[in-house]
Amino acid sequence: MKLNTLKPADGAREDRKRVGRGIGSGLGKTAGRGHKGSFARSGKGKIKAGFEGGQMPMQRRLPKIGFASHKKSDTAEVLLYQLDKLDAGTIDFAALRAAKLVPSTAKQAKVVKKGEISKKFVLKGVLATAGARAAIEAAGGQVGE
1 MKLNTLKPAD GAREDRKRVG RGIGSGLGKT AGRGHKGSFA RSGKGKIKAG FEGGQMPMQR
61 RLPKIGFASH KKSDTAEVLL YQLDKLDAGT IDFAALRAAK LVPSTAKQAK VVKKGEISKK
121 FVLKGVLATA GARAAIEAAG GQVGE
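Using UniProt numbering, read the sequence shown as starting at 1 and increasing by one per residue.
Keep in mind that the hints were calculated from the coordinates and are not lab data.
Be aware that one or more of the hints could be misleading.
To be verified - Now the in silico label distances, taken between C-beta atoms and shown as ranges:
#1 P103 with R61: 18 to 28 Å
#2 G11 with Q55: 41 to 51 Å
#3 E137 with P57: 53 to 63 Å
#4 K72 with T30: 53 to 63 Å
As the list claims (entries may be wrong) - Below 20 Å or equal to it, Euclidean Cα-Cα: the simulated DMTMM-like pairs (lysine to aspartate or glutamate) are:
#5 K120 with E137
#6 K120 with D84
#7 K119 with D74
Yeah, the Cβ is synthetic: ideal placement off N, Cα and C, and Gly gets one too.
Based on the provided sequences and hints, a complete structural model is requested.
Below you can see the structure in the form of structure tokens.
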């Protein structure tokens, strides 16, 4: 075998269509594009996504629904029982971040009531739900904004 004799297997490669090369080729005159219309014109064959031929498109017929809160992604959720593991008397946002209870992308934190606490501590600069606030105060701690 020599490099100049290499060729692909029979039927592995198809010859490209040579359109618009005369009536005898079978793809002459309109070159397989049919007669008239946007697809017969040059550079006009694309229709934008969602176009329904002039009919009011689906994304405009249907009502707008829902709401996405931008605050949600900025607020980290901390569970009440996780605070019991901390050794600090005063818990603030920096202490939560140091304990890796809050991701680095969060801008604020909110304590949610899940589980129980036995220690008393002061919660500063961290949001708390009504249930979490009541549980902290019941354990002898306090919540200050």
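Do the hints match the structure? See the list:
no. : hint                      : verdict
1   : P103 with R61: 18 to 28 Å : violated (40 Å)
2   : G11 with Q55: 41 to 51 Å  : holds (45 Å)
3   : E137 with P57: 53 to 63 Å : holds (55 Å)
4   : K72 with T30: 53 to 63 Å  : holds (56 Å)
5   : K120 with E137            : holds (8 Å)
6   : K120 with D84             : holds (9 Å)
7   : K119 with D74             : violated (28 Å)
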